[in-house]
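With the hints as extra help, turn the sequences into a complete structure.
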Amino acid sequence: MPPFETSTDFTVGETSIKTTDAIAKMANNSRVESVKKDTYMFLNKTRTIQTKPEITYPEELKKKGIGYKSDRVTVGFWKLPASLDEFGKKYGGKLVQPTDGDLKLQSIVYETDNIDNFINKASSDPYVSNICPAITGHIDGYSPNDPGFTSGNQNYLNSIYVPDAWNYQKGDSNIIVAVLDTGVWSGHPDLTGRILSGYNFISNNANTNDDNGHGTMMSGIIAATIDNGVGIAGVSQSRILPVKIMDSAGSTDSIYARQGVEYAASHGARVISMSFEIDGDDPNLRQAIDNAYGAGCVLVASTGNTYPQANSIIIKYPAGYGNVIAVGAIDNSNNRMGISNYGPHVDVVAPGVQIACTQIGSTPQTQYGTASDTSPAAALVSGVAALVVSQNPSYSSWKVGDVLRRTAIDLGPSGFDNEYGYGKVNAYSAVTTGTIGFGGSGSLPAPNYYGWCTYSVPVDSYTTVVMVGNENADFDIYAKWNSLPTTSSYDAKSDSVDSLERLTIKGSGTLYVMVISYSGSGNFKLYIMNGNPSYVSTSGGIISAGGTNSATFQNNGEGRCYTFNSGPDGSNFNLYLRWNAPVSTTSYDATGQSIDAQEIALTSSWGGTLNNMIYAQTGGGEYRALSLIY
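Add 21 to the 1-based position in the sequence shown for the numbering used here, that's all there is to it.
In short, the hints are calculated from the structure, not lab data.
These numbers were taken from a predicted model, which means no experiment stands behind them.
Glycine included, C-beta positions come from ideal geometry on N, C-alpha and C.
Treat the hints with care, since some could be wrong.
[To be verified] Between beta-carbon pairs, the in silico distance windows are:
(1) GLY463 to ASP423: 48 to 58 Å
(2) ASN469 to SER435: 33 to 43 Å
(3) GLY463 to ASN503: 17 to 27 Å
(4) THR387 to LYS142: 50 to 60 Å
Shown next as structure tokens:
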């Protein structure tokens, strides 16, 4: 039975034995997410559908003070009717030529002279899943300053530790950042070679020239060329995909925004930057965002501005959607800018006062300026997201957002809060989390002997230290900021009865790490990693080349993974790692093999179940193992 035909067996709203039996049968289907009694439920490969449509009426928008266009409406379909044109004519609408994205999402735009009449009539059509007017939106206002530029205008980059992140990652030109805005002036000398061919949804052509200026400003903040002796430095050396969804006045609507998201997702964008605000929730825009997120896009949006002051929780879109990283703005003292909208949807904040940017201009003096509010704040975070993706191209969209939130510098009340979210974005920690900063080895000849090393941490952040040693001895580790620790003076320690030790410490400066023998002697290996692991798993036991020669254990999560094992000197233990499948000495994703009993193995970023195996090549004895996923 097609989903839009009437059932002769069941009646919507009526619960009978047949209805109950049908619900029970559907509920046992592994592909069904949920079953409800009050409406028919239908299924496609990706979502559960119900025939009761989601209708957004103009009167509801008026009551909420949300603007909309009275001549454009989007109709979402369970299934596309035989003729989209005839559907529109039937209810008093005129079909707007659908894009590929429209057809894929089954969200079709119609023009109408009487939006109330069109919605009231079309809402009863069995093909319809939702109807929503084009909800108005606009760029987040900006305030250009004097066009002259000096390097001191970019001190805000230091406040979010971008230069420190550049020591690890400057941005991959293969990573595409889509800027959904007013277009981009591709002729700007600081954007030469950084702008791809995009699309103009306002004029339905490929001319993405900026007739407002806002899009050029955001693009420069994200990706202006560095080390070229010209102008300013963008956060990431990624490339920009211009998607023009706003007219020369900076106006847009939820239809243009939705089409822009669909275009960006289908044209290679890994990051989608959205410095604009839509006044209300459009289910079709919401679905497009969810689709892009599922396809691996990292979506970043400004929370928007309220003048002269945002004194209560205000949620604008697309920042209000759960799969979007919502960015608020702070001033030079790390206080929320008064105009910056806030609420439970805020993820992170970034500087928003006098952010140096590229401008449309005919002379070098007029080609640079500054912008202030949540728009440049979102552009900064988009650039940082591009750095994270460049460093970890296999990260999912969820993982990028998770890293940005976990590494943010807490502001305001401790922990998450409505004004600052998880805190100020931290480019250094976001880019370096899960990277090894130091690796070394040594030996301790007797109890109370020690070895030490130093590691420089430029930013207040988490650092993890792991030591694997001779399992027939007992080695411990101590750490202290800016001076050598002792067993009685330290900032952190790990001193179990084994010779596999781990500690995580927060701070900045020069970290001194000491390895000391509590008892016994032998070899050790020491590793220092940036960040605090999200997932930790441990194991221990006895293996022998002449008996039970291997042991396995698992860790579950997503990210970059390191596994370590200790073992008795004189033996040769190896490590094998494999994601989401049984691991063996011949089937693995990563391995750690040396002539020692102490090993490390690391995998590229991935997710799911990590299977770890410790294998005794020669010798045998007790081992300890540790798996960390960042």
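- Task: Sort out which numbered hints this structure fails and list those numbers smallest first.
- Result: 1
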